[in-house]
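**Q** Residues per chain are reported as follows:
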Amino acid sequence: MKKSGATAGFQAAAGAGVIVALMLPFSRGRLEATLVGHVLVQMPLLVLAGWLLGSALAEKLERVMEQWNRFGVAGFTFAIFVMLFWMVPRSVDTAIAHTGYEIFKFAGLPCAGAALALSFPRTIPLLAGALKAHFVSMLAVLAWLYTAAPVRLCNSYLASDQKMLGAGTALFACAFAIYWALGPLFGLPKPQPTIASGAAAAREAPGGARI
Amino acid sequence: MANVSALVDRSTAVGAKPALTAVKLSMGLGGLALVLLMLLGLCMRLAQGGLLSMEPELFYEIMTAHGAGMVGIAALTGAGIMWFFLARHVQLTAAVYWLMLCCFLLGVALVLGAIFVGRFAGAWTFLYPLPAHSGGVWETGAAAVFLAGLLSIGTAFLLFYLETGRAIIARYGNLSQALAWPLLLRGSQDDAPPPAVVASAAVIVFNGIGIVVGAAVLAISLINLYAPSFTIDPLLAKNMIYFFGHVFINATIYMAVIAVYEIIPEYTGRPWKTSRTFAAAWSAIMLMVLAVYPHHLLQDTVMPGWALAIGQVVSYAAGLPVIVVTAFSLLVYLTRSGMRWDLASALLVTGVFGWTAGVMPAIVDAVIVVNRVMHNTLWVPGHFHFYLLIGEMAMAFGFMAWLTRADVPEGLPGASYWGFLAYLIGGTGVAVTFLIGGAMSVPRRWAVHVPEWFMQDRAAAFFALISIIGTIVLLGRYLARLAAAAKA
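One line per chain: the protein sequences are S and Y, in this order.
At position 20 of the first sequence the residue is numbered 20 (this note's numbering), and the sequence of numbers has no breaks.
At position 323 of the second sequence the residue is numbered 323 (this note's numbering), and the sequence of numbers has no breaks.
Treat the hints with care, as some may be off.
Said to hold, decoys possible - Heads up, incomplete: computed chain Y residues facing chain S, CB under 10 Å, no partners named:
{"id": "1", "residue": "Ala170"}
{"id": "2", "residue": "Ser441"}
{"id": "3", "residue": "Val442"}
Stated by the list, open to error - Here are the simulated distance ranges between beta carbons:
{"id": "4", "chain 1": "S", "residue 1": "Arg90", "chain 2": "Y", "residue 2": "Tyr226", "range": "44 to 54 Å"}
{"id": "5", "chain 1": "S", "residue 1": "Leu84", "chain 2": "Y", "residue 2": "Glu57", "range": "33 to 43 Å"}
{"id": "6", "chain 1": "Y", "residue 1": "Glu266", "chain 2": "S", "residue 2": "Ser4", "range": "50 to 60 Å"}
{"id": "7", "chain 1": "S", "residue 1": "Phe26", "chain 2": "Y", "residue 2": "Val137", "range": "42 to 52 Å"}
{"id": "8", "chain 1": "S", "residue 1": "Ala13", "chain 2": "Y", "residue 2": "Ala95", "range": "36 to 46 Å"}
{"id": "9", "chain 1": "Y", "residue 1": "Ala439", "chain 2": "S", "residue 2": "Leu84", "range": "50 to 60 Å"}
Stated by the list, open to error - Here are some chain Y residues pointing at chain S (derived, C-beta under 8 Å):
{"id": "10", "residue": "Val96"}
{"id": "11", "residue": "Ala215"}
{"id": "12", "residue": "Ala216"}
{"id": "13", "residue": "Ala219"}
{"id": "14", "residue": "Ile220"}
{"id": "15", "residue": "Phe230"}
Since the hints were made in silico from the structure, they are not lab data.
For every residue, glycine included, the Cβ atom is placed at its ideal position computed from N, Cα and C.
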């Protein structure tokens, strides 16, 4: 479906606005003061901002994506590596101490979000579903890791912050699981009268149904 | 011998073609592995009965292989059945089934390597922290390979459910439509899904959740193996493992029963339709399967009381939809249908009997006061042997017999009759001797038994031998007919 210019413009403005808002010293200081604010608020918002920017640019980048991001494989690979980097507690810690890491965070996470926005619509449902299932289970593992860690993982944060982050990540895992389950369960029904037409529609639809 | 030229390809819609070879292969592999694992089971019963000398370490390795293998076989054959019949109604992608089979076989190879090369013997339930505390029997690497094997098998089924879910959504719009909720809530649905789709949708929902939880606890166990200071609350781990394990093994029979819904109408001439009651029952099953697992933790006194109460109450209730929807409906469909019995129909009806009867000991065991005495006895293996051997595997063999039956009515001739009878009598005997052992308070998972228990151990071994003979006959018939059809 074609997106109107106004919608794309709004998405781009919103994405850029979120990034700018997060860069302001006041919000940066507040959010990075706690591990929960840093990892569960600032970082996801940066990814979300990138997602909005990516969605806004999707039509303009259509030809490039067709050549370089077939089935979203390149985009997913990039996003996964960026997220892996920021899953490591030392990366989170270093972002506080070194400006270079901080700049990389503010550039890398929005790029990861944009890559996800440009990749999900292009991918096959099987890959999208597998990534979502893996994301939820790994969030649960991450929640446990932060809760069960016998030592303080970040020099910049208290051990009690880790426990709170673990609990928050567990809530995130539950929220994503519920959100992604509701789509397949209650998504907008598109009943097709016969098997043949249903099968044909499934073949014609790029990627078929979402799961 | 019957004309076999028209055998095997019993698909009736264009969508059934994909992965037919893979489905046939799955069923054959499942049957072969079943025979091998039954032989291992026989060895365990002979060792317990004092008729075979076996070191306890080897006993527990065999017990681990037997448990993990049987769960895998039940899942693989159930998946084959679900795929085959779902393909009649939705458009599936064959490559995904092959991918699933490859991941599954890779997982099996890892699990077997961990057990028979690495000597892992921590049971298929890999209860935390046992994999990390072998007492010197196995190395950390063996436990890691075992867990990686289970992860690979879990990935296989995740792909399977994602693809079947995708295909159902492409056809019906969303899973609530496929679960016939409009029919359930409003009393009518324009495009009501057939029972195979309703059952598949329910299995996709609950086993998808189960697999995600299983993946998390497997990853946690793997990390704990190499970083023991990262511990998890053992009670939480046990909850996660039994949630995953119980949901996964339950799903096997819920997939296999699709064969009953699709095949029995061919015999009775009465289509198995999705009614309001049917939709309600499957929706209830979908929720109950997720809530029933605490009956595995009734002896964990530190569990919250409400969770144990749910485990007991839902265990009672979970049996009802099964009996109402399938067993009762089956009896109604069979009554005065004038159907002609053959091996396939006999095995499918036996499967429903095994399912229904096999649930009963579990319901008894789910009573907290009974559970305190019975749960660690042979009563529980009695339940799941009944449920799986006479229930799920009977349905799988029924499907295999139907897949390879001739176009002309065959009845139940000599070898098939005796094979069926041996499977039924032997399998029931195996399950009942376990139940008797449980009633005698014989503990389960003990490598060495005292002489007072030898009698029922030896009786079990005798019945196991009969059931193995029956299985070989049923499997031989399937393989011989596949070979004949391939030649024709």
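**Q** If a hint holds in the structure, say so; if it does not, say that too.
**A** Cross-check of the supplied hints:
no. : hint                            : verdict
1   : Ala170                          : holds (4 Å)
2   : Ser441                          : violated (38 Å)
3   : Val442                          : violated (38 Å)
4   : S/Arg90 to Y/Tyr226: 44 to 54 Å : violated (18 Å)
5   : S/Leu84 to Y/Glu57: 33 to 43 Å  : holds (40 Å)
6   : Y/Glu266 to S/Ser4: 50 to 60 Å  : holds (54 Å)
7   : S/Phe26 to Y/Val137: 42 to 52 Å : violated (59 Å)
8   : S/Ala13 to Y/Ala95: 36 to 46 Å  : holds (42 Å)
9   : Y/Ala439 to S/Leu84: 50 to 60 Å : holds (54 Å)
10  : Val96                           : holds (6 Å)
11  : Ala215                          : holds (4 Å)
12  : Ala216                          : holds (4 Å)
13  : Ala219                          : holds (5 Å)
14  : Ile220                          : holds (5 Å)
15  : Phe230                          : holds (5 Å)
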